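Engineer: Next come the chains, spelled out residue by residue.
Protein chains: 2
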Amino acid sequence: MKVVALSGGVGGAKFADGLARVLPAEDLTIIVNTGDDFEHLGMRISPDLDTVVYTLAGLAHPETGWGRADESWSFIETLDVLGGPTWFRVGDRDLALHIERTRRLRAGEPLSGVTRDLARRMGVEATVLPMSDDPTPTFVLTEEGPLPFQEYFVARGWQPKVKGFRFEGMDRARPAPGVLQAIDQAQAVLLGPSNPWVSLDPILAVPGIREAMIGKRVVAVSPIVGGKALKGPAAKIFTELGVPPSAAAVASHYRGTLTDFVLDAVDRESESEIRGFGMKVWIADTIMRSVEDRTRLAGEVLSFLGLPVAERRAV
Amino acid sequence: MKVVALSGGVGGAKFADGLARVLPAEDLTIIVNTGDDFEHLGMRISPDLDTVVYTLAGLAHPETGWGRADESWSFIETLDVLGGPTWFRVGDRDLALHIERTRRLRAGEPLSGVTRDLARRMGVEATVLPMSDDPTPTFVLTEEGPLPFQEYFVARGWQPKVKGFRFEGMDRARPAPGVLQAIDQAQAVLLGPSNPWVSLDPILAVPGIREAMIGKRVVAVSPIVGGKALKGPAAKIFTELGVPPSAAAVASHYRGTLTDFVLDAVDRESESEIRGFGMKVWIADTIMRSVEDRTRLAGEVLSFLGLPVAERRAV
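Chains as they are written, first to last, in my numbering: chain S, -8 to 306; chain H, -8 to 306.
Treat the hints as calculated values from the structure; they're not laboratory data. Here the structure is a predicted model, which is why all the values come from computation and not from measurement. Accuracy of the hints is not assured; some may be wrong.
A partial selection of chain H residues facing chain S, derived with a Cβ cut-off under 10 angstroms [unchecked claim]: (1) S63; (2) D71; (3) D83; (4) L109; (5) Q172.
Where a beta carbon is used, it is the ideal one built from N, C-alpha and C, also for glycine.
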């Protein structure tokens, strides 16, 4: 019984961690957005991959949504004294991951191979794959012009109004080795509660990925609950694109791709509207405050699809 | 009254710090070996420049001879977990200097400009210059073949037997902007107690530097005391090249370049031999255990040359 999860950062990472706790490691492949990847201080940084790996390794900071819990900050403090760019907060331990990944990429290894090996060294047993080994940087098209994703997201605090997105290089990008095989073998593809526009759309845009999902059971957990995004700019972006943010808007966004939709109990009134999109709708408490919540939600979603849930791992 | 000091790492850096404490900042230029510079983990590392700047900034580790006193080690600990190369110990704060220097070099600034600015940001008032903005990597020619300097020095712990040296790219290297002017304006050029073979010879080998020193008062402080190097492989290299290590051997090595030589009191018996090389010989206690020692030795060396010593700064 194989399962594929598609993930961006925080919400998707928590859901993937829940899945890792209710599935045998060999049955779970997590395909992660790399549209946020960028070059910074000479390093290749992959924020969503890092958040997924740190979360599954039990190393993620419980509150920030990025970086590690056991972090120190000597590097960035000193960089500040030296007048270097400190807008992207890199911790001392986090730095080791960026520098070692960059070293191996420059030595000619693909991102997928480096990610698999580094994730294992951090104790992650499930397979974590970048959506592609090819760079496909996301540009946010704003009222002020196109902004590289991290500039929009971190440096500008997602304030400029969004008009659209461009996934540069996407037409020539190939799915990373293992991605299409994992989808092909999967009983179900699960879209975690990540930002539809900038986390999951890039994955679905990689040529071949959406096609591989045809005929599969595909379910999404809504990242919008009660009209609000739990974290990040998803709701703000819906509004700026002229769509009132709601779980139904998310479901509509994925029309034709999803067979099933998981709705938070607070959004129960949207059930029939989403059914109208040709999806089965399931109701759950989707907010993951604790590791127990992740495990429970992952188990419930598998149950909705009629998939067996393995013994729950210690949380 | 202008003075130029030539320096490698530890001993030269301590002497330069002594000079900085007895000379007005505008009168002191320190020209530093960059033959040890190398690329590591995607960063340009300049070990001697860093040691000089950290020492003058009061940030140097008092015992190791490299790195900072106020250091943390999260980065290298994590790099080890990730299976990365840890043979060159880089601290978290030290890393900021390497990364920021590399960032600015890649943006097109010369090493000399970056060094001057970063040194000032760390509170260094004297002028610190690399000998050249052009890379001139030192290779140690050993019985096992040529080794890049850091591989010989750090990874191999200076164990392979030395047959000679190669300063790659030296024939095309130009002195860094400001180097020839500083020598031209200087009343004296002072060679700190650094390794003659791998610290000072590279500086003297930069086309134009030795020529600029002709007719100047040029003094060296012996890095070999009682037949031993205070730190590092200088004595071992003399022996491997067939010369018994001694202060006189150092003086002989610089014959034709030096006008004056500072001998440690324990080597007093070599005084007449070194006079025979056409040098004035001065006796001092050259071992610098404390900041007071640096200040005293620097003041004494200036006095030997008949140069005025400024008010001593707080140590």
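Engineer: Checking each numbered hint in turn, tell me which of them this model violates, lowest number first.
Structural biologist: 5
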